[in-house]
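Chemist: Those sequence lines, one after another, are chains A and B. If you count the first sequence from 1, you need to add 58 to reach this note's numbering. If you count the second sequence from 1, you need to add 91 to reach this note's numbering.
Honestly, the hints are just simulated from the structure, not real lab data. Every residue gets a Cβ at the ideal spot worked out from N, C-alpha and C, and that includes glycine. Careful, some of the hints might be misleading.
Said to hold, decoys possible - Far from chain A by the CB rule (all over 12 angstroms, computed), these chain B residues: (1) S134; (2) L167; (3) I184; (4) S186.
To be verified - Among chain A residues calculated to face chain B with C-beta under 10 angstroms, some are: (5) T63; (6) C70; (7) A71; (8) G73; (9) A75; (10) N77; (11) N81; (12) Y92; (13) Q100; (14) M154; (15) R155; (16) A158; (17) G159.
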Amino acid sequence: DAKTTQPTSMDCAEGRAANLPCNHSTISGNEYVYWYRQIHSQGPQYIIHGLKNNETNEMASLIITEDRKSSTLILPHATLRDTAVYYCIVYNNNDMRFGAGTRLTVKP
Amino acid sequence: GAVVSQHPSWVICKSGTSVKIECRSLDFQATTMFWYRQFPKQSLMLMATSNEGSKATYEQGVEKDKFLINHASLTLSTLTVTSAHPEDSSFYICSARGTVFTYEQYFGPGTRLTVT
C-alpha cells in the first residue's frame with residue numbers, strides 16, 4: 059500500500075547526473091518525502107528528505123514540485139557505486155512502507 | 092549519524108528450531124522499532140511495530156505467535172522466529188525511531204536467515 063509510484067528501472071552513464079522521478083499524488087500536508095537506497099544484501103541507506111522546499115546534501119538533491127505531487131532525486135555525478143534500488147517514501151511519522159523502488163544501474 | 096546494529100548478520104538453522112535476531116540502537120534511545128522482511132528481488136515488507144514496554148503491533152498476515160517480538164529496553168528489540176521452516180528464509184531488517192528527532196528512522200544492516 060505504498061503511496062508512491064516509481065519507474066521500475068533506469069540506467070545512467072557514469073559521471074552523468076541521475077534523475078530519479080517519484081509520483082506521490084495523494085501526499086498529505088504533513089507528510090515528508092524520504093529517499094533511501096539499498097545496495098544488494100544491505101540495509102536501506104538514508105539519502106535525503108524534504109517537506110516542501112528543495113533540499114541538497116552531500117549525497118544528492120531533492121526537487122519537490124510546488125503542488126508536492128511529485129519529486130525528483132538527483133545524483134549529480136553518478137558513480138558505479140551508486141548502482142542500487144532507490145526507494146521514494148511518503149512518511150507521516152507513523153511507519154515507513156516501501157514500494158518497489160527504482161533499480162538504478164550506473165554503467166561505465 | 093545514528094547507528095542501528097543487528098546480530099547476527101547471518102544465521103543458518105534447521106527446520107523446527109527457533110532463532111533470535113537482535114536489533115540495537117547504539118547511540119540513541121529508540122521508543123519505537125520496526126521489523127521488516129525482504130524476500131529475494133522483492134521490496135521490504137513491514138512485519139511489525141514495537142514500542143518499548145508494550146506489545147508489538149503486527150501487520151495483517153504476520154503470525155504473532157511465530158514471530159515473537161520483544162522490546163524490553165530503549166536500545167534493544169528482538170525478533171524470535173519460532174519453529175522455523177524453509178519458507179521463513181529471508182532477509183530481516185530492523186529500524187529504530189529516536190525519542191528526540193521522531194521523524195528520523197534509522198535502519199540496521201539486516202540479518203540473512205536460511206532455514207534448512
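Chemist: Against the earlier hints, flag every one the structure doesn't satisfy and list their numbers going up.
Modeler: 1, 3, 4, 5, 6, 7, 8, 9, 10 and 11
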